[in-house]
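So the sequence lines, in the order shown, correspond to chains G and V.
Per our numbering: the first sequence = residues 1 to 460.
Per our numbering: the second sequence = residues 1001 to 1361.
Think of the hints as simulated: they come from the structure by calculation, not from any bench.
Model, not experiment: these values are computed from the prediction.
Just so it is clear, CB atoms sit at the ideal spot from N, CA and C, and this is done for glycine as well.
Each statement offered as a hint is correct.
Okay, the calculated beta carbon distance ranges per label pair:
no., chain 1, residue 1, chain 2, residue 2, range
1, G, R239, V, D1234, 29 to 39 angstroms
2, G, R455, V, R1343, 19 to 29 angstroms
3, V, V1247, G, A236, 27 to 37 angstroms
4, G, L243, V, G1211, 26 to 36 angstroms
5, G, G225, V, R1198, 38 to 48 angstroms
6, V, D1082, G, P385, 53 to 63 angstroms
Stretch-level coverage of chain G by chain V, calculated; a stretch enters the list once three of its residues show a Cβ under 8 angstroms from a Cβ in chain V:
no., region
7, 95-106
8, 159-173
9, 213-222
10, 240-247
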Amino acid sequence: MTGFLDALASLGLGSRLLTGPAQLAAFGSDALTAFHQRPLAVVLVETAEEVVEVVRVCHKEGVPFVARGSGTSLSGGSLPVQGGVVVALNRLNRVLRVDPDTRIAVVEPGVINLHVSEVAAQYNLAYAPDPSSQAVCSIGGNLAFNSGGAHCLRHGMTSNHVLGLRVVLPDGEVVELGGGSTEPVGPDWVGMFCGSEGLFGIALQVTLRLVPIAECKRTSLAVYGSLEAAGDAVAAIIRAGLLPVAMEIMDALAIEAAEASVKPDYPKGAALLIVELEGERDVVAADAVRLDALLRESGATQTSSTEDAQARALIWKGRKSAFSAVGWLAPDYLVQDGVVPRTRLGEALAEIERLSAETGIRVANVFHAGDGNLHPLILFDGREPGAVERAEQLAGDILRLCVSLGGSITGEHGVGVEKRDYLPLMFSEDDLGLMRRISSAVDPEHLANRGKMLRPEAVG
Amino acid sequence: MTAATACIEHVRELIRDRDTGERILPVAGASKPALSRAGDGVISVDVSDLRGIVEYDPAELTVTARAATPVAEVAYALAEHDQYLPFDPPFLDAGATIGGAVAAATSGPNAFRHGGVRDFVIGVRLIDGTGRLVAGGGKVVKNAAGFDLPKLMVGSRGRLGVITQLSFKVFPRPSATVTHRYDLGLDRALATIARLCRGPVALDAVDVEPGGRLVVRLGGDADVLGARSRRLSDELGALAELLEGSVDRAYWADVASFSWVPEERVIVRVPLTADLVGRADAALRAAEALVRYSLAGNVAWVAWPRGHPADELASVLASLGLAGVALTGPPLAGPLGARYGGRFAERVRSALDPFDRFVAD
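One chain only, chain V, in its complex shape (with noise of 0.2 angstroms):
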C-alpha cells in the first residue's frame, strides 16, 4: 500500500467511525494558517502523504496530481514543457499545495489572462462525508457529464470533503514577460483599468499596489514584447517603471508570498467587482486596512491589523455586501462579511456531509 493509499484509507475510516462529535479539517502546505488551523473540538488530518504528479502529458495540456502536491512541483514539471498553471495559485514559497489552491479559491494576479482556479479545474476525487471516495469531472478539457463537482470544491475549505486528487487544464507559458508601473492614485487607475480591459492589448495581470500605483503585466512571443510593451505605454502616456526580465519576474514572485504585507497583519481575501473599489477602499482604509486590488479590481486582497478585531472588518464587508476570507492569522468559523449560497448551500451541503464530519461556516 502506498503513503498515499494509506492516508486516503486512514481518512475515511476517521470519517466513518467518528462518533465523538469532533469535526475533521484536512491540512497539508499549512501557507495559509487561517484555514488549515483547527480550531476547538476540530481534529486536524494532515494529508501530505497524497502527493506526487499522477498524469501529465505535454501535447494534452492537462495535469493529473493528488491533493497535497506543492504548487511549485506542478510549476516546475509544467516549466520544463514551457507550460503553467494559468490561475497562478500564490503561496508557492510557503509550500501552497494544489488542494489547497483549490480549496482556498486563490488564483493569483497573472489569473487575469485565461481565468481562475474555477476555470481550469477539471476534475476531483475527494472523500465525502459519509467517508467514500468520489469522482466528479474527469481528465478531459471539456466535458459536461454529471454536476461540477470539481468546480464546487473551489472554496470549499475542507466544508465539503477531503480532495485527494485534482485534475486542471494548462495552458503554453508566455515565453517573456515585461510589468508596467504608472503613478497614477487609486480613482485615474481604476479609469485607466476600466480602458485597458477592454482591448486592444491583451494583458496578462493588472493590479493597484496599496498606494494607488497601477501595474500591469504583458506576455507572450519575445519577438512581439517589445512592440506590444511601447503599444500599451502609448496608449498610457507616460510610463513610471519598467520591469524586465528577472526585475519582473522577481517583483511577481514577491507579490505572490505577499512580501508587501506587513507582519502585524493578517491576509483576507475579498471577491468584488470593479465598480466597487472606490468605496470599498474608502471605508477599508478608514479602517486601517492595507488593500491591493487584483485582478483588473476582481479581488482586494486585504491586509489587516492582527490587533483589529475580524468582526469590525466584517461589518465593513457586510455594508458593502461583500464577503471575505481570511488566509493568515488565527482560525476564523467561516467567511467574514455578507452570506453566499442560501438554503442552495445548505442542501447540497447535507448531501456532501450529512454527519457533519467537516468543519462548518
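Chain G with its partners taken away, still in its complex shape (with noise of 0.2 angstroms):
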C-alpha cells in the first residue's frame, strides 16, 4: 500500500492528501451512521483533471475509490471501502455556466444543489428537484442516486433534469454522455448513468435543466382525523385532474417533531396534508377553487393557503426538517423510502401502524404523497440491547411492504449498501444478473464504489 500512497502523493495534493486516523474518522460515514469504515486514504480534489489522475492511479493499483460530495446519503451511498481512497468532490463547487436562453446550467459535482437555483434565480430560473438536505446536498451525489424531493411529482427526479455529464470511467478514461439538448440523440446514456450509485464512475461536469420559477405558489395545509383519510384526500386531487406541485403528509408524530425543532406552528391533528399548487396566477387561483372543495369534501378539519413567500418557506423548512427533527422524539431512527402505488397509500399506512402497534416501536410517517413515496422514521434507542436489530427488522418488513402492494424498496435515497439485500425482493436473478454483468463490463474489477447496489460477492 506504500507504493499506493506513494504514487497518490506523487500527485502533487499536498495537505490535501488525508491519511492520519483523526483526518480519516471524519470520511468514515455518511448520513447513515449505523455503517462506519475508515478508509485507507481521503482525498480532496480540487480539480477534474485531480480527479481523473486519482481514478487512473486507482486503476492502475487496483484500489477502489469512492466519491463522496455533501455525504448526506441516508443509504450509505458514500461508505468508504476498506483499504479504498475516498475522492471528496466538495471544492469542485463552481456553477460554470448558465444559459438564460437554453435554459441550462453547467457546474462542477460538488455544487450545492440550492446553490444552483440561487445562481439562476436572476434569469427567474430554478433548478427543480429538492432534496430535504438541498441546503448542504451536492449535485454530484443527486445525480449518483437519482435524488427525488418534494416537488417531484410534477418536476419529476434528478435524471430528468440531468441532460449531459463528462464523466470518468472506472480506469481513468473520460467520455462525454448527452449534451444541452433535452432530447437524447439515444440510447439515453445519461439517464442510464443517473442513479448508478457511483459504479460507472466519476462525473467531472454536469448539464442540468432549469424551470422558469412560477409566478405563483399556493400552499394549503388540511388536517385530517386520520392517515389514511389524508391518503384519500390525495387520491381524490389526482382522481379530479389536478396536478399539484407536491403533497406532503406528516403524522401526528412527525409534526411533534416538527414543532419541537423549527416551529413551524402547524394545525394540530392526526394527519396534516401540504398541497402547493403553482402556476400562472389565473391557473392557480382557478385550481384553488377546486381544490379547496377537495379538501373540504374529503373530510378535512381544517383548512389553511398561503401565497405568501415566508409563510411558505415555514410550511416546508418544518417539513423538510423532520428527518432530523426526530432526534427530538427518540435517540436513534431508521428512515425508510419505500414506494407504494399512490391508490394503496392508505392501505400500507395502516398496516404499518399494525406492525408499529405490534412491536412497540414507535414510527413517525412524513411522505411524499403525491408519489406514494413513504418516509416512515422508526424510532429506537440503541443504548438498548437488541433495538438496533429490531428497528431493522420493521424495516425489512416495511419494505416487503413496499413491494407487496406492486411498488419499490426505494423512492429517491438509493440501494445504497443497506437495502442490497432487498433488491431481489424487487427484480429476478435474470434481472440482477443483467445489472451485474452491466456493472462488470463498465468496471471489470469493481473499483468505483464496490459494494453499493450490488453485493460484492455477487457481483461478477
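Please dock the two separately framed chains into a single complex, following the hints provided.
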C-alpha cells in the first residue's frame, strides 16, 4: 500500500491527501451513521484533472475508490471501502455557466443543490429537484442516487433534469454523454448513468435543465382525523385531474417533532396534508377553488392556505427538517423510503401502524404522498440491547410490504449498502444478473463505489 | 399460451439459437421505415403480437402496456379518463407503437410542457442479447432501485434488446387548447422563444415552421384559457393567426403525421440546443433541407431530399457537433454525424448484447 500512497502523493496534492486516523475518521460515515468504515486515504480534489489522475492511479494499483460530496446519503452511498480511497468533491463547487436562453446550467459535481437555483434566480429560472437536504447536498450525489424531493410530482426526479455529463470511467477514461438538449439522440446514456450509485465512475461536469420560476405559488394545509383519510384526499385530488407540484403528509408524531425543532406552527391533528399549487396566477386561482372544495369534501377538519413567501418557507422548513427533528423524540432512528402505488397509500399506512403497534416500536410518518413515496421514521434507542436489530427487522417488513403492494424499496435514497439484500424482492435473478453484467462490463475490477447497490461477492 | 407469450418465447429462441451470424431487428408498427426495415444480413422479427394495455388505473396516473400497442390505442384509453401521454409521440396515424416511440426516442411538439419520452418511461421488460427476459424500473412513479434500464431503452433502436412491455407516467390532459402563429422569421422567433420560455405563461408547444413562423400552443382549463391567450398575445404584439377548437387540433394532428414533409424527402430527427439553431439552419438550408424546429429549439426535424446522399447530411451535422437519426427512407447503419457515448456505450452494449445478436450501428 505504501507504493499506492506514494503514487497518490506524487500527484502533488500536498496537504489535500489525508492519511492520518483523525483526518480519516470524519469520512467514515455518511448520513446513514449505522455504518462506518475508515478509508485508507482521502483526497480533497480541486480540479477535474485531479479526479481523473486519482482514478487512474487507483485503477493502475487496483485500489477501490468512493466519490463523496456532502456525505448526506441516507443509504450509505458514500460509505468508504476498506483499503480504498475517498475522493472528496466538495471543492469542485463552481457553477461554470448558466445560459438563460437555452435554460441550462453547467456545474461541477460538488456544487450544492440549492446553490444552482440561487445562481439561476437572476434569470427567473430554478433547478427543480429539491431533496430535503438541498441546502447541503451536492449535485454529484443527487445524480448518483437519482435524488427526488417534495416537488417530483410534477417535475420528476434528478435524472429528468440532467441532460449532459462528462464522466471519468473507472479505468480513468473520460467520456462525454448527452449534451444540452432535452432530447437524447439515443440510447439515453445520461439516463443510464443517473442513479447508477457511483458504479460507473465519477461525474466531472454536469449539464442541468432549469425551469422557469412560477409567478404564483399557493401552499395549503389540511388537517385530517387519520392518515388514511389524508391519503384518500390525495387520491381524490389526482382523480379530479388536478396536478399540484407537491403533496406531502405528516402524522402526529412527525408534526410533534417538527414543532419541537423549527416551530412551523402547524395545526394539530392526526394527519397534516400539505398541497402546493404553482403556475400562472389565473391558473392557480382557478385550481385553488377546485382544490379547496376537494379538501372540504374529503373530510378535512381544518384548512388554510398562503401565497406569502415567508409563510410558505416556514411550512417547507418544518417539512424538510422532519428527519433531523425526530432526534427530539428518540436517540436513534432509521428512515426508509419505500414506494407504493398511490391508490394503496391508505392500506400501506394502516399496515405500518399495525406493525408499529405489534412491535411496540414508534414510527413517525412523513412522506411524499403524491408520489406514493413513504418515509417511515423508525424510532429506537440504540443503547437498549437488541433495539437496532428490532428496528431493522421492522424496516425490512415495511420494504416487503411496499413491494408486495406493487411498489419499490426506494423512491429517492437509492439502494446503497443498506437495501442491497432487498433488491431481490423487486428483481429476478435474471434481472439482477443483467445489472451485474453491466456493472462488470463498465468496471471489471469493481473499483468504483464497490459494494453499493450490488453485493461485492455477487458481482461477477 | 397467449399470442404475446408465444411471441416472447419465439424471440427468445431466435436469439438463443442463432449461430449463423445474422442479426435480428424487432419490428411492429413500421411507422418509421428507416428504423424498421432490415438491412443486409438482418432478420426482421415481427413483434406485433405484443399488443394490449396490461394495467391502467387512472387514479395511479400510470399505464403499462405491451410494446407493440399502438400509441393511438393507449391515447384513446387515457383520453376516456381525461389523461394523456405528455410526451406526445408522433406518427399515430401511421401506426406508431409505444415500443417504437421509446426505441426511436420520438417526443412530439407537445412534450414541451412536461418533458419527453425519457421523462415519462418508468418501467421496461425486454429480451436481452442472451435471450433472457429481464425487467428494469417498475410501475410506480418514483423509483431509484437498480440501473435505469427504462431510460436506456429511449433511442435504443432495437440495438440493446427487444422491448416487450413498458410502463409510463401519465398526466391529466389539458381540457382545452389554443394555438398562436406569428410571422417573425427565424431570428426573431428564436429571441422570442428565449424570452417566452422563462415564464410566466406555461406553454404546451413551441415550434418554428420551416418558413420561420413561430407556433405556440397553450393548453389547460377552458375557463382561464381565453385570458391566458390574451396575455400571451399582449406579450408578443401583433398576432398573425389564432387556431382554436378543431382547427387547433387538426393543425397539431398534421404536425404529428409530418404532412409538411413532401413525398420526395426523408425525415431525420436531430436533437440540438436553441443557441445552435441559427447556425444549423444556415448550414442545413444551404444543403437544401427543410427544417422544422420543435420543443423550443431542442429538436430539429430535418426533411432531407431523398436524392441527396446521407453522408452529406452526416457531415453537416458532424461539423455542428450534432447527430441525427433518419426515421423514414432507407435504413441507415447508425446515427448521422457526431457519435455519443464513447467507451461507456460500448461497454454497456457488450453487457446487453454479448453475442452480437442485435443490429449494430
